[in-house]
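Residues 2 to 220, numbered by the numbering used here, are exactly what the sequence shown covers, in order.
Rather than coming from a laboratory, the hints here were simulated on the basis of the structure. The model shown is predicted, which means the values in this text are computed figures rather than measured ones. Any given hint could turn out to be false.
Claimed, not checked - Pairs of lysine to aspartate or glutamate, DMTMM-like flavour, derived with a Cα cap of 25 angstroms:
1. K76 <-> D176
2. K120 <-> D200
3. K97 <-> E15
4. K55 <-> E117
5. K12 <-> D41
6. K76 <-> E117
7. K55 <-> D67
8. K134 <-> E72
9. K35 <-> D67
10. K12 <-> E95
11. K97 <-> D14
12. K97 <-> D150
13. K134 <-> E117
14. K76 <-> E95
15. K134 <-> D71
16. K12 <-> D200
17. K76 <-> D115
18. K120 <-> E95
19. K120 <-> E72
20. K35 <-> E15
21. K12 <-> E91
Stated by the list, open to error - Listed next, with one range per pair, are the computed distances between beta-carbon atoms:
22. R47 <-> A22: 40 to 50 angstroms
23. K35 <-> D216: 35 to 45 angstroms
24. Q50 <-> P103: 27 to 37 angstroms
25. R99 <-> R209: 31 to 41 angstroms
26. P37 <-> F69: 17 to 27 angstroms
27. R218 <-> E95: 23 to 33 angstroms
28. D67 <-> A43: 25 to 35 angstroms
29. I53 <-> R118: 14 to 24 angstroms
Heads up, the beta-carbon is just placed ideally off N, CA and C, and yes, glycines get one too.
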Amino acid sequence: MALDIKICGLKTDEALTAALAGGASHVGFIFFAKSPRYVDPAEAGRLRQAAIGKARAVAVTVDASDAFLDEIVGKMHPDMLQLHGSETPERVAEVKARYGLPVMKALSVSAPADLERIKPIVGIADRFLFDAKPPKGSELPGGNGVAFDWRILAGLDAGVDYMLSGGLNAANIGDALQLANPPGIDISSGVESAPGVKDPALIEQFFRAVRAARDDRAA
Numbered sequence: 002m003a004l005d006i007k008i009c010g011l012k013t014d015e016a017l018t019a020a021l022a023g024g025a026s027h028v029g030f031i032f033f034a035k036s037p038r039y040v041d042p043a044e045a046g047r048l049r050q051a052a053i054g055k056a057r058a059v060a061v062t063v064d065a066s067d068a069f070l071d072e073i074v075g076k077m078h079p080d081m082l083q084l085h086g087s088e089t090p091e092r093v094a095e096v097k098a099r100y101g102l103p104v105m106k107a108l109s110v111s112a113p114a115d116l117e118r119i120k121p122i123v124g125i126a127d128r129f130l131f132d133a134k135p136p137k138g139s140e141l142p143g144g145n146g147v148a149f150d151w152r153i154l155a156g157l158d159a160g161v162d163y164m165l166s167g168g169l170n171a172a173n174i175g176d177a178l179q180l181a182n183p184p185g186i187d188i189s190s191g192v193e194s195a196p197g198v199k200d201p202a203l204i205e206q207f208f209r210a211v212r213a214a215r216d217d218r219a220a
């Protein structure tokens, strides 16, 4: 099975180059002002040019208004929208209809019961992203470097397409792939030298760890 890999929170040419060189299927740009990974829509539009034909560019938003989404779509021209806030199923459908783009809906998970929340959105969202619940006091809905019990995802219906996120890094990606066997993975803080600062060497190290883990499983 092909494994989609999304490097999220990109802000520099160097980090984007490392993500594409490693074989990222998706590259994410964050439009949430409180995040250290925030990037201006016009700058994201410039950066994403390098990904054309190589990886899908994802615009990550948090309860964004239509006006802000209009600006992002107009300036960045994303291949996909990621809704990482408290968007309702109705809002997900509205966004899909407004822009004609595939939508990935992020949901925070800490217990098996949390997976019930996907039911009203199945058939509306094109994909899900399962992230850990933010620590108390965090203003960020994602990118907190926190993991959840990946075994929870074993209870998902086989047809649910998703990306696994939250606390992934080169040291634990082998365990994550073994326990959850996800169709896609998403990493942000796990390849940073400081909050919001992507490290090309850590990105390369992560891809090596993914390849090693997959080779071990195939052996």
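To see whether the hints hold, each was checked on the structure:
1. K76 <-> D176: Violated, at about 38 angstroms.
2. K120 <-> D200: violated (37 angstroms)
3. K97 <-> E15: This hinted pair is violated, its Cα atoms lying about 31 angstroms apart.
4. K55 <-> E117: Measuring from Cα to Cα gives roughly 34 angstroms; hence the hint is violated.
5. K12 <-> D41: holds (9 angstroms)
6. K76 <-> E117: violated (36 angstroms)
7. K55 <-> D67: violated (28 angstroms)
8. K134 <-> E72: violated (29 angstroms)
9. K35 <-> D67: holds (19 angstroms)
10. K12 <-> E95: violated (28 angstroms)
11. K97 <-> D14: violated (29 angstroms)
12. K97 <-> D150: violated (31 angstroms)
13. K134 <-> E117: holds (15 angstroms)
14. K76 <-> E95: holds (20 angstroms)
15. K134 <-> D71: violated (28 angstroms)
16. K12 <-> D200: holds (11 angstroms)
17. K76 <-> D115: violated (35 angstroms)
18. K120 <-> E95: holds (18 angstroms)
19. K120 <-> E72: Distance of about 30 angstroms is beyond 25 angstroms: violated.
20. K35 <-> E15: holds (23 angstroms)
21. K12 <-> E91: violated (31 angstroms)
22. R47 <-> A22: 40 to 50 angstroms: violated (19 angstroms)
23. K35 <-> D216: 35 to 45 angstroms: holds (39 angstroms)
24. Q50 <-> P103: 27 to 37 angstroms: The hint (27 to 37 angstroms, Cβ to Cβ) is violated, given that Q50 and P103 are roughly 20 angstroms apart.
25. R99 <-> R209: 31 to 41 angstroms: holds (40 angstroms)
26. P37 <-> F69: 17 to 27 angstroms: holds (19 angstroms)
27. R218 <-> E95: 23 to 33 angstroms: violated (40 angstroms)
28. D67 <-> A43: 25 to 35 angstroms: Because 19 angstroms falls outside the window, the suggested range is violated.
29. I53 <-> R118: 14 to 24 angstroms: Because 34 angstroms falls outside the window, the suggested range is violated.
Violated hints, listed in ascending order, are 1, 2, 3, 4, 6, 7, 8, 10, 11, 12, 15, 17, 19, 21, 22, 24, 27, 28 and 29; each of the other numbered hints is respected by the structure.
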